[in-house]
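*Asks:* Protein chains in written order, with the working numbering: chain A, 1383 to 1723; chain B, 6 to 355.
What the hints contain is simulated information worked out from the structure, not anything from laboratory work.
We treat Cβ as the ideally placed atom computed from N, Cα and C, and that holds for glycine.
Careful, some of the hints might be misleading.
[Unchecked claim] Residues on chain B that point at chain A, a partial pick, calculated with CB under 7 Å:
no. : residue
1   : ILE63
2   : VAL176
3   : PHE177
4   : GLN265
5   : VAL269
6   : THR270
7   : GLN317
8   : ARG318
9   : ALA324
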Amino acid sequence: MRRQFRQSLSMCVLALVACGGAESDSGGEAEAPFRAALLTAGPVSDAGWYAGAYEGLMLLRDSLGAEVSRQQTRTPAEFDEAFLSYGSSGYDLIFAHGFEYQDAAIRAGERFPATTIVVSGGGRFAANVVPLIFELEEASYLAGMLAAGMSESGTIGMVGGVEIPPVEGTFRAFEAGARAVDPDVDILESFTGTWDDVAAAKEAAGAQLARGADVIIHNVDAASFGVFQAVREAVATGRTAWALGMNRDQNDVAPDVILGSAVIRIPEAFLETALAWQAGELGGRPIYAGASEGVIDFVLNPALASRVPAELVAAIDTARGRIRAGELTVPRVEFVEPEVR
Amino acid sequence: MRWPERVMGGPLAVATGAVLLTAMLGAVLLWAGGYDPLAAARAAALGAFGTRDALLSITLVRSVPLILTGLAIAVAFRAGVWNVGAEGQLYAGAVAAVWVGLEGGSLPALLLVPAVLGAAGVAGALWALAPALMKLRLGVGEVITTLLMNFVAIYLAAYMVHGPLQEPRGVFPQTGPIAEGARLPVLVPGTRLHVGVVLALVAAAGLSWLFRRTRIGFQMRAVGASSDAARIAGRIDTRKVVLIAFLGSGALAGLAGGVQVAGVTYALYEGLSPGWGYTAIAVALLAALNPIGVLATAVLFGALEAGAAAMQRDAGVPAVWAVAAQSLVILAVLALDRVRHRAGSEASGV
Chain A
1383 MRRQFRQSLS MCVLALVACG GAESDSGGEA EAPFRAALLT AGPVSDAGWY AGAYEGLMLL
1443 RDSLGAEVSR QQTRTPAEFD EAFLSYGSSG YDLIFAHGFE YQDAAIRAGE RFPATTIVVS
1503 GGGRFAANVV PLIFELEEAS YLAGMLAAGM SESGTIGMVG GVEIPPVEGT FRAFEAGARA
1563 VDPDVDILES FTGTWDDVAA AKEAAGAQLA RGADVIIHNV DAASFGVFQA VREAVATGRT
1623 AWALGMNRDQ NDVAPDVILG SAVIRIPEAF LETALAWQAG ELGGRPIYAG ASEGVIDFVL
1683 NPALASRVPA ELVAAIDTAR GRIRAGELTV PRVEFVEPEV R
Chain B
6 MRWPERVMGG PLAVATGAVL LTAMLGAVLL WAGGYDPLAA ARAAALGAFG TRDALLSITL
66 VRSVPLILTG LAIAVAFRAG VWNVGAEGQL YAGAVAAVWV GLEGGSLPAL LLVPAVLGAA
126 GVAGALWALA PALMKLRLGV GEVITTLLMN FVAIYLAAYM VHGPLQEPRG VFPQTGPIAE
186 GARLPVLVPG TRLHVGVVLA LVAAAGLSWL FRRTRIGFQM RAVGASSDAA RIAGRIDTRK
246 VVLIAFLGSG ALAGLAGGVQ VAGVTYALYE GLSPGWGYTA IAVALLAALN PIGVLATAVL
306 FGALEAGAAA MQRDAGVPAV WAVAAQSLVI LAVLALDRVR HRAGSEASGV
């Protein structure tokens, strides 16, 4: 099923890019095949979560010829208003990029049955309201394999922000990947309770390093710099220690200590979702975007690739292939509610 | 006392001038930024007033929290209480409202809605009580204390949505939806305009009457004009007047939070307010602290916000430009207010 998706995806893109070129040649306001809107709760200049969504919207414009629009909402009071504005002006597809939109999306979905609303990371769905779930667990599993394979002490660590199911999911998968390589590995876990407290993240990572961990993964979003800094300081004392990036390719954030990153390719996920919508396959169930769709991947840091044993890289590649093929299922935490109504 | 002609004639001219000046400055800014000012202006005007939904569901709905917080500022500033804590009082009100709205599901709407709004008002007043007591007992300036209390309230709300009031499944940092019976009824069917707007109108009319016709209203103005003179020559209990101004101001700001939860979001989130408690200061000053004037200036700011959002959607103008336009209005207001004062040879500043 997913394979088919992917094949049809690339074919459609090729076909539509060709059409798009012809359209733009004719100039003027050729009517768009559909209209898509993006709602973000933060600036698209964040070089991360929201920037990826903006790139996704631009991808819909450039590859599918969609007429696009976007709005940055500053407060939950604007959610209903934004859905009302787009819904009443006939937008076909609204990407609401964050769980916080889910309640307003359900309300808007009832009022505008002809509009389909995609809620990134949402937990509720209806006939025309679709959560888009990123299966970051699939990359976390590979990160766990790398961590256990690279650990000399036999102890690795996980530093999380807020203890919510998507974060727990990545940690359970990380553990499973680590144990697949070294069944006896010790795994430490701590949560800082926030997404942006760099000092708390550094402290948590420092405590794990002090307890012997020598590879640390994080899921603390913007506070990740604290984790990298703690690892760097440990390295400065003469120890061998590594960090792993999460959510986006962070390999260049601290290229001296980050072995690799578990990444979400949001634009690809948006494109796949739009194609599913065009094929009439979107709605009434959540979408899971993972490694087999090319949305989730684990990226080794090229600057440190020479430090990773070849057989470990080969084992990770094998696991990646098995995950993509659906032969290997990694642990994940389900948080989508049954359908509304 | 020449309040009536001063407040009725002046602010309207200032507001009009501010809008025109801002429109010109904004057009130049947008043009310099590579955007089409005419398309942006058209999008903004249509987005704020162009359709029934734009006017009723967007502009007026956005005006309600600005009216209530603007009135909160007017009450305090009239009495010389520099409450810059409307933001925190609003959050306190929102937390209380959502708590009652979640717990009171078994009550009929006729009781539950007043309970939700009452809790919001009381919570806002209590949030203002601490700075009031610190000012009256210890002489600590309220600009600092009310400002700091804002941060406490914002973190309190964040704690609530991660902890005690988090939605039942404990997945997302937000509360569950409040009971149907706790939600404000829609005033105009088919729109989002809720009865909170009536509440805001009644509050403005009531305050206008209070300032002009009642003893406490006169005392507040006297204390605001000169606390010492009011105490010595007027034999006014200035401490009591200051306390009432604090509590009234806090209650109105808390009510704004409650109305937003019960009328718009139906749940509590982090970042509920985009800074209404601060925008309210501009709203109130632009209205020369006149409650009826606050209605006009709050709708003006609501329309500006609605127009800015429409500019993003329909003219591709990024959000930062919208914020810049709003800041321009405030600057224009301050400048024009000075000019008016000078022209009117008024010695007393706001």
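*Asks:* Each hint: holds or not?
*Replies:* Evaluation of the provided hints:
| no. | hint | in the structure |
| --- | --- | --- |
| 1 | ILE63 | holds (5 Å) |
| 2 | VAL176 | holds (5 Å) |
| 3 | PHE177 | holds (5 Å) |
| 4 | GLN265 | holds (6 Å) |
| 5 | VAL269 | holds (5 Å) |
| 6 | THR270 | holds (5 Å) |
| 7 | GLN317 | holds (5 Å) |
| 8 | ARG318 | holds (5 Å) |
| 9 | ALA324 | holds (4 Å) |
In terms of the numbered hints stated before, the structure departs from none.
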